[in-house]
Structures are given as C-alpha cells and as structure tokens.
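Assemble the complex: chain Y is given as a structure, and chain F must be docked to it using the hints.
Residue numbers (the numbering used here), protein chains in the order written: chain Y, 1 to 227; chain F, 228 to 454.
These aren't lab readings, by the way, just hints derived from the structure by calculation.
Small disclaimer: the values here were computed from a predicted structure and weren't measured.
Among these hints, one or two may not hold up.
[Said to hold, decoys possible] If you want the footprint, here are the derived chain Y segments under chain F, 3+ residues with CB under 8 Å:
#1 61-73
#2 149-162
[Stated by the list, open to error] Only some residues are given here: those of chain Y computed to face chain F with a beta carbon under 7 Å:
#3 Ala40
#4 Gly42
#5 Gly95
#6 Asn126
#7 Val128
#8 Phe179
#9 Trp214
Think of the CB as a built atom: it goes at the ideal place given N, C-alpha and C, for glycine as much as any other residue.
Protein chains: 2
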Amino acid sequence: MHRTRVRVVEGLLDANDTIARANRADFQEAGVTVVNLMSAPGAGKTALLERVVRELGDVRVGVLEGDVQGTLDAERLASAHVPVTQIETGSGFGGECHLDANMVRSALPSLPLEAIDLLVIENVGNLVCPAEFRVGEHARVMVSAVTEGEEKPLKYPLMFRACELVLINKIDLLPHLDFDLGRLLANLDTVHPGVERLLVSARTGEGVGAFRDWLADVAGRRPAAVG
Amino acid sequence: MHRTRVRVVEGLLDANDTIARANRADFQEAGVTVVNLMSAPGAGKTALLERVVRELGDVRVGVLEGDVQGTLDAERLASAHVPVTQIETGSGFGGECHLDANMVRSALPSLPLEAIDLLVIENVGNLVCPAEFRVGEHARVMVSAVTEGEEKPLKYPLMFRACELVLINKIDLLPHLDFDLGRLLANLDTVHPGVERLLVSARTGEGVGAFRDWLADVAGRRPAAVG
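Next up, chain Y with everything else stripped away, as it sits in the complex (with noise of 0.2 Å):
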C-alpha cells in the first residue's frame, strides 16, 4: 500500500514539473527573474523582504505570496509598496504546506510581469515539501533562523540541497542563545558543500545589504546564468 502512494506521489511531482517548466518559459518571455523563497515558519522570510523590497534601486521587483490562510504577509508587504499577488492554500483540506507549479501558474494572469524585473515567490512556511515542488524559478533562496538551533541541514538536508543561497537570520539574538553557528555552518557544507550563504538580520537591516546585492545579481544575470 506504501508503495502504490508512492508511485502516486511521483506521477505528481512529473505533472507538477511539466507545469513549472511551462512558468518559467512565461517568465522569461516577460523578463522576469523568479526567486523562490523559503523557510520554516517563522524564520524570517516577510521580514527580509520587507527590508530588501525598500533598498531594491532600480530593480522593480513583485511579491507572489503563498499561505495556508489569511492575508497578514501581503498587507505587510504592500505596505512597503510593491505589487503582492496571494494565494492562499487553504482550499481543499486542511491547507497546502507548499505552494505547486499548478497554483502559481493559476496567479499567473494576476501578476504584473510587464512592470516588474524581479518576482519574489514567499512560499509556505515549511522545510520538507516545498522544496520537492519547483514553481518555475530560477533560483532558490532559503531562510535558516539562528533560533531553530545547529542542526536542521542534517534533518532536513533536501531543503538545504535544493537552494543556491542559505540565509543565516536572526543573527542579532546570537548573544543569548546557546549556539555554536560554527556547527551549524559545517552541517550547511555537509549537505551541501559551499552552497553560498548569508548572515543577515531582518530586525537590525545586518546583512540585507548583501542579500540585496545578491537579488540585483540574479535579476541583471536573467535568465541565461541562473539555475
């Protein structure tokens, strides 16, 4: 019986990949780089992009926000004024814990390609799913707060694989927590050797900087040199 949901499972992941690859040939017709952005909950991710949106320059840059409910992160972001398209996942059961090929494809008429260079993909909070589901991006940024301790690449070492840019978040808390961020940073290169990486803060701005030109990078390399 294990068997049999597995091989469903598979014959979802290839529709869903053939879907992604339909996105990202829309996406690079209209221009636009496309981050998926990814985390546990909590970690940080609205924060950053609250901070990075704002420091952007002459990158015009979108929001596709994915959550199970509710509409608290779009209004955070709008008010940082950049087009947030939602999608919430709480249709059908309880919730989607990632967001798929399928229903970023169904926001596809809803998001403002012909204005923006950069589109920033908030998915669901979650550190297993979401990174079995490509959406169509280019690349693939996640969020590992210092708070969620040393040892989440070995737990969940297919999150950290499927990125090209690890940021390390909360870094101004490091003084009150027992953390060696040494070991965290040589659990990062056991499951993913030199993946490149980031110590950054979304409350104090430290590191955004760097994250910003990392985003300026990726959206002026577009869409041949990425991913």
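Below, chain F alone, put in the same frame as chain Y:
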C-alpha cells in the same frame, strides 16, 4: 484537475483515520496514553522532552521519534534514559512532512508498550500536515516558540485548533525580541478560544514542571477522559 487531487487526499485521510482508530485501540488495550507533540522545525520539541522526561517520576514514559532523516533527536532522548523508537520518513520521494497512522502502526511492534504508561510521539516539524493526520493519540500538544512571531495562530489555524495544549516556548528570549505576548495570546484565543496554554523555556526549565503535571494528569486520567 485540482478537484481530482482533493478527492484523492480525502480518501487518504479516511484510510488514515481507520488505521488511527486501530492504533488507539491497541494503545488503550496496553494501558498506554499517547500524546502527539507537534510544532514548526526548531520550536524546541526535543529540548522540552529532554527536560520533562527526567521529571515524570513514576510515570513510565517512552518516545516515538518522527524525523525526515537522521537519528539526532532520538540520540538526544536516549541519553535521557527513556526508550526511544525512531521512524524515518525520508524513504519514498523527498521525505514525508508528517507522521501518519500507518507509519505509527508499522512502529507498533517495536514499541515497549508493556513497560510504559505514556508514549510521546514527536512529530515531524511542520505546522500544516501533522494537524491533518491523526495517528491514534489521546491528546495533542503543540509548541509555538516566541521567536516565530505573534501571528502564527492566524496563519496556521488548523494546527492551533487541533491541540488540547499549547506550549509557548523560548520565553527566556522575550527581553531580546520585539514580541507582544498579549497579542499572541489574543490570536490564540481567536482561533482556539480558551485552549489550555503554558509559558515555558526548555533552556531555563521555567514552566517545565507545569508541563510535567499536565502530562502526568493526562496519563492518570487515561483512557476515557481525554480526547
């Protein structure tokens, strides 16, 4: 197509509930009370368990540990001298983001049910899917760390509704956060009015005694009064 998928999932949930009932009957026959412990990754489930299992006195406790990959948490708990059984959900595709009743059923023969009064099932870190899959437990506890922000109950209402107890963890960090505890509690009461809640710190031990009392009470009242 979306509708088709939802139907498949509902069928899967029905099957899950059937197996969960079988698990629960087996637990009851063995005289074991079962608590399903859930949270986002890094909220402190394992750290709280490490603390509380040492204080449970004559309540004999065992732990069933669900993880996508690795035995880190199981090793931490084994060092607290409680019997630990591990389920790795990483087989299949990229790893299951939750435990389901069938996974717990497959672990039943490995559980020392005759030697324990209380089984704590530490679920995979995720605020969505674990709330959708009963595993045969008598009660559900979820951990919400203050570092995750005040709005989590509004964003993941099913999880906050699905539990009998909410542990608000990492309160030792409150002086270092921009965090409004009153707002978290108000949000909690919005989605689950009056649900029992305890303020705890796995790091300092604050509130762990109250959690121990709650667990001992649940184990004592078993099996009729809970759930």
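Problem set entry | Supplied contact hint for Ala40(Y), tested at 7 Å Cβ to chain F | With a minimum Cβ separation of about 4 Å from chain F (threshold 7 Å), the hint on Ala40(Y) holds.
Problem set entry | Evaluation of the interface hint that places Asn126(Y) against chain F, nearest CB under 7 Å | Holds, because the Cβ-Cβ distance from Asn126(Y) to chain F comes to roughly 6 Å (cut-off 7 Å).
For this session: Let me know if the C-beta of Gly95(Y) comes in closer than 7 Å to any C-beta of chain F, holds or violated.
Result: holds, 6 Å
Exercise. Holds or violated: is the Cβ of Gly42(Y) closer than 7 Å to a Cβ in chain F?
Worked result: With a closest approach of 3 Å, the Gly42(Y) hint holds.
Exercise. Are at least 3 residues of the segment 61-73 of chain Y within less than 8 Å of chain F when you compare beta carbons?
Worked result: holds (count 6)
For this session: Report holds or violated for the interface hint on Trp214(Y), using the least CB-CB distance to chain F and a cut-off of 7 Å.
Result: Check failed: Cβ of Trp214(Y) comes no nearer than 24 Å to chain F, outside 7 Å.
Problem set entry | Restraint check, 7 Å cut-off on beta carbons, for Val128(Y) near chain F | Holds, about 4 Å.
Exercise. Hint check: is the beta carbon of Phe179(Y) less than 7 Å from a beta carbon of chain F?
Worked result: violated, 11 Å
Exercise. Count the residues of the segment 149-162 of chain Y with a beta-carbon closer than 8 Å to any beta-carbon of chain F: does the count reach three?
Worked result: The restraint on the segment 149-162 of chain Y holds, since 8 of its residues have a Cβ under 8 Å from chain F and three suffice.
Hint compliance for this structure: hints 8, 9 are broken, all remaining hints hold.
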